[in-house]
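All residue numbers for the sequence shown refer to full-length UniProt numbering, where the first residue is 1 and numbers rise by one.
Derived from the structure by calculation, the hints contain no laboratory data. Please read these numbers as outputs of a predicted model, since none were measured by experiment.
Under the rule of at most 25 Å between Cα atoms (straight-line distance), these lysine-lysine pairs were calculated in the DSS-like manner: (1) LYS130 with LYS184; (2) LYS133 with LYS143; (3) LYS184 with LYS143; (4) LYS152 with LYS133; (5) LYS163 with LYS135; (6) LYS135 with LYS113; (7) LYS135 with LYS110; (8) LYS133 with LYS113; (9) LYS110 with LYS152; (10) LYS130 with LYS152.
Label pairs and their computed distance ranges (CB to CB): (11) ALA137 with VAL81: 26 to 34 Å; (12) ALA193 with ILE148: 21 to 29 Å; (13) ILE148 with THR189: 19 to 27 Å; (14) VAL90 with SER176: 31 to 39 Å; (15) ARG186 with VAL81: 31 to 39 Å; (16) SER183 with LYS76: 33 to 41 Å; (17) ASN140 with VAL81: 22 to 30 Å; (18) LYS76 with LYS143: 16 to 24 Å; (19) ASN29 with TYR182: 52 to 60 Å.
Beta carbons are placed, not taken as given, at the ideal position from N, Cα and C, and that holds for glycine.
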Amino acid sequence: MQVNESTASMGVENVVTKPKPVAFPSKPNFEPLKAHGNMRYLKVEFSFARFQFHHIARKVELKTRPDTPDISSLQKCADFVHAFMLGFDVVDAIALLRIDELYVESFEIKDVKTLRGEHLSRAIGRLSGKGGKTKFAIENSTKTRIVIADTKIHLLGSFANIKVARDSLCSLILGSPAGKVYSKLRAVTARLAERF
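Make the full structure from the sequences, and use the hints.
Set out below in structure tokens:
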């Protein structure tokens with residue numbers, strides 16, 4: 001009781017101050033976009049991040065997959081990791097460990113022809129085809145695996161098959177229509193089948 005009387009006699013009042021509300025900026029109000037007549041003439045621009053996020057996912061997948069083999073040879077281990085990091089599936093990278101006559105070859109589109117802007121985009125589109133049809137046709141006829149990573153192309157297969165696949169891809173980069181490449185592939189794969 002004495003404490004209450006002493007504080008009252010000093011004239012001290014307990015005042016509770018409320019914190020001031022923080023003033024957030026108001027939400028921006030954007031007007032809806034309007035169509036510009038014919039939409040096919042609009043220029044679409046893309047920006048690519050330098051860091052490739054699929055490499056992280058592949059590293060995590062490599063650690064967690066139960067079918068990764070025990071690797072005794074250091075060179076085979078290096079080949080396996082290199083193929084895996086280039087974007088090949090685990091099964092294809094494991095084939096490098098088990099089959100001695102498999103090789104990985106890489107090249108860029110600019111090594112074949114210097115292309116920029118939309119011309120480069122069209123060349124990449126010709127390489128993959130609609131829904132990946134052209135890429136799968138080349139893979140199946142030459143018995144190779146192809147990874148198209150931006151402007152880099154990686155091939156996995158035997159030496160002769162990589163050569164045939166590379167020639168097909170180069171002719172597509174140079175502007176050949178897919179039908180012409182298909183017919184050339186049929187002739188070359190028929191010759192390869194006769195040899196073996």
